[in-house]
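> Sequence:
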Amino acid sequence: MAEKWTVTFLINRQKDGVEPHFESFQLEVNPDEYVLDAIERVWAFHDRSLLFRHACHHSTCGACGMRVNGVEKLTCITTIRSVTSDGGTVKVEPLRNFPVVGDLVVDMTRLYARMEMVKAPSVIPLDEAPKPDTSVFDIKPDHDAPDDMIRLVDCIECGMCVSACPVPLTTPEYLGPAVLAGAHLRGLDNNPSLLELVDGPNGVWRCHSAFECTAVCPSNVEPGWRIMDLRKQVVKKRFQRLFGRGG
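For the sequence shown, the numbering used here gives the first residue as 40, with consecutive numbering after it.
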């Protein structure tokens, strides 16, 4: 017989005209279920007005990123057992540093637009999409691919790194870890406009090197390391320009 726990879910409720608050839902759950399973059960059996985002249920689309007990998680792969205990509480909030559309849903338009600015994180021609037995992580990025390609490798654009980053709280104009990691994957060679963008006031130098972004990334993109390496590339390009060696 499957193990059963009684868990209290405190879920953020936030809609136009209503002061943000938390609502409590007590559920009997299998501790090896996922947090997203519990949220779906709240919607199905307790409150159909609950707003949340989900799609693939296997950590590919990035749609279900939320803050669980204060930490950014993909709720579709976060077990209830990993975040609480029998009789415990799970607090679920929307990602930080994004406008809240309602409850657990945030508006990620700005992130998507900035990702387009750097044509990131990587692109693969449609006729070269991976076969069923090929890992997308084995495919090398094509830094000079045209615009009619699809983004596929590494970053799933879940926004969790942006939520975990302390910088956007005070500087919303900061490009953010996902975008800068995308710029790193794209490469600065033969991309003067990209170099100017990442070397600007809201680019790589705005990063505080806190590495919270890397800690929460579900795809091992390592945005913190990529930003540090991108700084090295920017400095190299500056020296090349200073001494007249192109770049």
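Rather than coming from a laboratory, the hints here were simulated on the basis of the structure.
From a predicted model like this one, the values you see are computed outputs, not experimental measurements.
Fair warning: there could be bad hints in the mix.
Quick list of simulated restraints, FRET-style, between CB atoms [to be verified]:
1. Glu155 / Thr47: 38 to 46 Å
2. Ala41 / Asn229: 27 to 35 Å
3. Lys130 / Pro231: 41 to 49 Å
4. Asp146 / Pro240: 46 to 54 Å
5. Ala94 / Thr47: 43 to 51 Å
Backbone N, C-alpha and C fix where the C-beta goes; we use that ideal spot for every residue, glycine too.
> The structure should be examined with respect to each hint, and the outcome stated for every one.
Tested hints:
1. Glu155 / Thr47: 38 to 46 Å: holds (41 Å)
2. Ala41 / Asn229: 27 to 35 Å: Since the Cβ atoms of Ala41 and Asn229 sit about 57 Å apart, the hinted range of 27 to 35 Å is violated.
3. Lys130 / Pro231: 41 to 49 Å: The hinted range 41 to 49 Å holds for Lys130 and Pro231, with Cβ atoms some 46 Å apart.
4. Asp146 / Pro240: 46 to 54 Å: violated (24 Å)
5. Ala94 / Thr47: 43 to 51 Å: violated (27 Å)
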